[in-house]
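Chemist: Read off the chains here:
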Amino acid sequence: MLVHSRKARWALWTVFLVLFLPLFALPLLVVLGASFATHWSGVLPSGPTGANYRAATRGEALQALTTSLVTALTASVLALAAGTWAALAAAALGRRSRKAMDALFMLPVAVPSVVVGLAVLVAFSRPPMLLNGTRWIVITAHAVLVTAFAYQSVAAAITRLDPAYEQAAASLGARPGYVLWRVRLPLLLPSLTAAAGLCFALSMGELSATMMLYPPDWTPLPVLIYAATDRGALFTGSAIAVVLMAATLLVLLAVSRLRTRASYR
Amino acid sequence: MAPAAPAAPAGIRFDGVTVAYHGTVVLDALDLTVEPGEVMALLGPSGSGKTTALRAVAGFVRPVAGRVLLGDRDVTDLPPHRRGIGMVVQQYALFPHMRVEDNVAFGLKARRTPKSEIRARVTEALELTGMAGYARRHPRELSGGQQQRVAIARALAVRPEVLLLDEPLSALDAQLRSGMLAELARLHRELPDVSILYVTHDQVEALTLADRIAVMDRARLRACGTPRELYRAPTDAFTASFVGGANLLPVTVRASGAEFAGTVIEVGTDGVAPGASATLCVRPHLVGLGDGPNRITGTLAELQWRGATHRLYVDVGGHRVMADVRELRQPPALGDEVALHFASEDAVLLPAGVAHG
Numbered sequence: 000m001l002v003h004s005r006k007a008r009w010a011l012w013t014v015f016l017v018l019f020l021p022l023f024a025l026p027l028l029v030v031l032g033a034s035f036a037t038h039w040s041g042v043l044p045s046g047p048t049g050a051n052y053r054a055a056t057r058g059e060a061l062q063a064l065t066t067s068l069v070t071a072l073t074a075s076v077l078a079l080a081a082g083t084w085a086a087l088a089a090a091a092l093g094r095r096s097r098k099a100m101d102a103l104f105m106l107p108v109a110v111p112s113v114v115v116g117l118a119v120l121v122a123f124s125r126p127p128m129l130l131n132g133t134r135w136i137v138i139t140a141h142a143v144l145v146t147a148f149a150y151q152s153v154a155a156a157i158t159r160l161d162p163a164y165e166q167a168a169a170s171l172g173a174r175p176g177y178v179l180w181r182v183r184l185p186l187l188l189p190s191l192t193a194a195a196g197l198c199f200a201l202s203m204g205e206l207s208a209t210m211m212l213y214p215p216d217w218t219p220l221p222v223l224i225y226a227a228t229d230r231g232a233l234f235t236g237s238a239i240a241v242v243l244m245a246a247t248l249l250v251l252l253a254v255s256r257l258r259t260r261a262s263y264r
Numbered sequence: 000m001a002p003a004a005p006a007a008p009a010g011i012r013f014d015g016v017t018v019a020y021h022g023t024v025v026l027d028a029l030d031l032t033v034e035p036g037e038v039m040a041l042l043g044p045s046g047s048g049k050t051t052a053l054r055a056v057a058g059f060v061r062p063v064a065g066r067v068l069l070g071d072r073d074v075t076d077l078p079p080h081r082r083g084i085g086m087v088v089q090q091y092a093l094f095p096h097m098r099v100e101d102n103v104a105f106g107l108k109a110r111r112t113p114k115s116e117i118r119a120r121v122t123e124a125l126e127l128t129g130m131a132g133y134a135r136r137h138p139r140e141l142s143g144g145q146q147q148r149v150a151i152a153r154a155l156a157v158r159p160e161v162l163l164l165d166e167p168l169s170a171l172d173a174q175l176r177s178g179m180l181a182e183l184a185r186l187h188r189e190l191p192d193v194s195i196l197y198v199t200h201d202q203v204e205a206l207t208l209a210d211r212i213a214v215m216d217r218a219r220l221r222a223c224g225t226p227r228e229l230y231r232a233p234t235d236a237f238t239a240s241f242v243g244g245a246n247l248l249p250v251t252v253r254a255s256g257a258e259f260a261g262t263v264i265e266v267g268t269d270g271v272a273p274g275a276s277a278t279l280c281v282r283p284h285l286v287g288l289g290d291g292p293n294r295i296t297g298t299l300a301e302l303q304w305r306g307a308t309h310r311l312y313v314d315v316g317g318h319r320v321m322a323d324v325r326e327l328r329q330p331p332a333l334g335d336e337v338a339l340h341f342a343s344e345d346a347v348l349l350p351a352g353v354a355h356g
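Going line by line, the protein sequences match chains A and B.
First residue of the first sequence? That's 0 in numbering that gives the first Met the number 0, and the numbers climb one at a time after it.
First residue of the second sequence? That's 0 in numbering that gives the first Met the number 0, and the numbers climb one at a time after it.
Bound-form chain B, shown alone (with noise of 0.2 Å):
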């Protein structure tokens, strides 16, 4: 039985979904919406629930709680074949015995579709990923990008409503995968309809191909937001650091600000008692050299140089500050005294209790 073609867009609701293999849960009462059309990262370390959230909608994993549904179907009891989504994992699993038009167009078989519209559909799922002149192809025949590709153009020539990405750049070499990220943000431009659920341990590929970004850690939901909301404003510590990076400096807030190693920084404490411990969140590349304001002192533990920039590692009052300031001509020695700053406004403060990554 083929799956009923979308009468509209249909995005992904996760109500509740809890996952556990042989007693350990590694998927904790999901709530995710993702909105028709949107592209939705879930973003976390190995082991964080997000693979296992993603094989939770093409059907590859059963909840033990809660609902999976792909518009206002609920999807939780139907298997994988009744369910109208694309995949694409990271190791492409194009068939091997099949040509790249063969590839392309199982689906479209698998589901009877006529024999006149198929050959159509394949031609225009290979165009839209540049790969109309390898039909004729086996896979073993193809570059990784290439392959990556097709398991693209295969997914897509279904049309699914939903389309589920599984680490897909992973296994490129670094060149490639900036080139397929930028690939895939024109696909999606040219097929707007399509919700995407992109799952990545890359906070580069999150931040650039999503519309929003579910932060995922030890098989919970740990923020979600837009990639500018998660990065400006961060609402605890994990977020904070897997996202972008970031330097977490406890302090004590007080009346006029936050207090780090003897230096009240002035920040915004609104709703925080003074007094309370928190932590205060600083991107390193936001941190200066020199005199400024909120300047701290330490001593320099170790310097990279990284072509374009130069990364420092300051130890103040016990703490590491790391701060990234372009390359500098003379840079200070290992053991001497540096000042840091950084303007307020760059500082974002998080309420203590939210423990560390």
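Next comes chain A alone, as it looks inside the complex (with noise of 0.2 Å):
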């Protein structure tokens, strides 16, 4: 405990009340109370009703859902997997080169996702990459905008493991392939799940550069979400809010399960 007196910790704990949980909280409660209203004219919304929800478990939008799944899924195993290369390969150059590298792929992160999307747009429009009209474009976008976290999250992770281990396996008659996939990748395997669980949760919830490429078969939920805002439906658009949240959240929480039993140390 960093704080020692009962009462600096009671003040901090106020702090903490007053400040950080409007701030974050009361956002998503909000959301929440309006998916299950009809009405909301006074301090409190009203008319409870299950009726959003019937609407946001069905038809078009439980196709969204599984659109906006499948998109995340694939995107952060493109993310991950040319991440986790980028960032070994960069590991292997001089000081010079990472730093090149590292500022290559900052770019996405940098650059605002509108321009990522416009980018994509005009690239893969023509022949011989023509992806607009068809998923893949959605994707690529996405996993674009997602490889940048996780080829930081990997580089840090990298940079922190002690070289000693690959040497002693070297030492030990290994080939460079063996050790990466023996040695090298499952000691990196938990900043690995946590990078893959960063990109999913992006990936879950990006609206920009989606908005600019999605053909009409491939609409992810954060569209639905706000073309059902935009044309006023506010109650049913927060009902599909509250699930795309909770699918994130649950595939967020098994992804960590997945990270404690993956931790050695």
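Do not take every clue at face value.
[Stated by the list, open to error] Stretches of chain A that chain B covers, calculated by requiring three or more beta carbons in the stretch to come under 8 Å of a beta carbon on chain B: (1) 157-171; (2) 181-187.
[What the hints assert, rightly or not] Once the Cα atoms are required to be at most 25 Å apart in a straight line, the calculated SDA-like pairs of lysine to any residue come out as: (3) Lys108/B / Leu179/A; (4) Lys98/A / Ala85/A; (5) Lys98/A / Phe59/B; (6) Lys108/B / Asp161/A; (7) Lys98/A / Pro162/A; (8) Lys114/B / Tyr164/A; (9) Lys114/B / Arg135/B.
FYI, nobody ran anything at the bench for these hints, they're computed from the structure.
Don't be surprised by glycine CBs; every beta carbon is placed ideally from N, CA and C.
Since each chain sits alone in its own frame, please combine them into the complex, following the hints.
Modeler: Spelled out as structure tokens, the structure:
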């Protein structure tokens, strides 16, 4: 415990409750409240109903949920593979080239996602790489956006990895590929799963680039939420948002369980 | 590609090996031969280049000049995994995600040893190090000494011709260390064909375990010889003080001996011309208190009680002389005039021009 005196601890809790709770929890509670309502004219929502959820878990919305899950899963796997590969390659480079790699992978984070979306749209709208109009353009854009995060967390983990392990493995006669597969990747596994969770969550909530790219048969949930609120169906939109939240949280929970099983120390 | 099985026990040869990082020479033209089956200790303070020499054998640093040979194979340009060595490092580096048995089997699996053989070799290596009962444990469930044994078992399981030990005992506490020293000596008796390069900064480990000791200082090899040679007849001041600790007294050579602080000490001066300055090396535990041959007197500057012994620091003509004597019933007081003596055969005259430590 960092703070020892009882008074200081109370003060700290008060600050937390007054400042952080409204900032973080209240908006989510509002969405949760709205998702069960038909009217909201007073302080609290009124006209409790489950109809919003019936709409949010069937037909178009259900399909959008699957779309989002498939997109996020595929994009995360692609991003993790590319990011890990790049981070491992960067670790073997000299200082200057590694800096250049770091900067390159910072780009999708530094550039607004609308710009990334536009870039992907322009790049893949013409043969030979004609992805426009297919689901793959959405997945590609998501992968590009989240690879940066995968790269960064894996690169950070690699620098923390004690070189004594791979050296011990090499001295025992293991080829570099064997060392990678049997020693380095297993030791990086906790960071890899953390990166996967981060990528998945980011992809599940991506809207701005998706808006510019999605074909009619591949509408992810955030687009649906935007469309619903845009046409004034606030309460239905809220219900879909809660479904999005719950789905993301469930997957993250599963990943974090995997992570505790994968950590050795 | 698995390294070829050794036909005959192989030694290690350093042939003018020089290693430099960013223009700084950390190992300067090392010439050293470890005979097959020999235990060679590389002894020196930190930064002396001893670990660099070991890493050059393992293949983790690339010499800018010189060759490294294992037996008659030139391994200078081979990657680490094709050198056929076993290595144990200070922090053990056991793979935390593998059980003890999988750690020990790692090198065998990497070399595609048949499964039936792996099992036998793992058991053998674990029995050799007394860890057979811990095969199913994870490294984090073992104590430091046990992890150390597993690390040694892992290195021995691949039956290396050469075993590299990099400060293997320095992470253990004093009591465990002396136990592991005896253990390593026993291992070497059971595996007489394995050449061992043992890097340490601890002279006790080197004196106990090594057939020969190579003393390193500031990237250079200072002296190399059997522990007895280096201890009894050191050839330079650094070796004398680093191996066993020593009084290094500045003397002037005379016809009948060496003059120190006005007293002529009877000591062999063969080859040194009278009038030249030199260094006289005497081990503190060979210096006695009271009258005797080669008597010198001075004032007691410092007295330490060390249980079984007393250490006296005596100022003789502006130089400090150390003496370790059996515990004194009535020790002299600080500032007292005391007499010291030592036998002529316990003193070694070192040529001048040899820099002090």
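Chemist: Hint by hint, note whether the structure agrees.
Modeler: Against the structure, the hints come out as follows:
{"no.": "1", "hint": "157-171", "result": "holds (count 9)"}
{"no.": "2", "hint": "181-187", "result": "holds (count 4)"}
{"no.": "3", "hint": "Lys108/B / Leu179/A", "result": "14 Å, holds"}
{"no.": "4", "hint": "Lys98/A / Ala85/A", "result": "12 Å, holds"}
{"no.": "5", "hint": "Lys98/A / Phe59/B", "result": "24 Å, holds"}
{"no.": "6", "hint": "Lys108/B / Asp161/A", "result": "22 Å, holds"}
{"no.": "7", "hint": "Lys98/A / Pro162/A", "result": "20 Å, holds"}
{"no.": "8", "hint": "Lys114/B / Tyr164/A", "result": "24 Å, holds"}
{"no.": "9", "hint": "Lys114/B / Arg135/B", "result": "18 Å, holds"}
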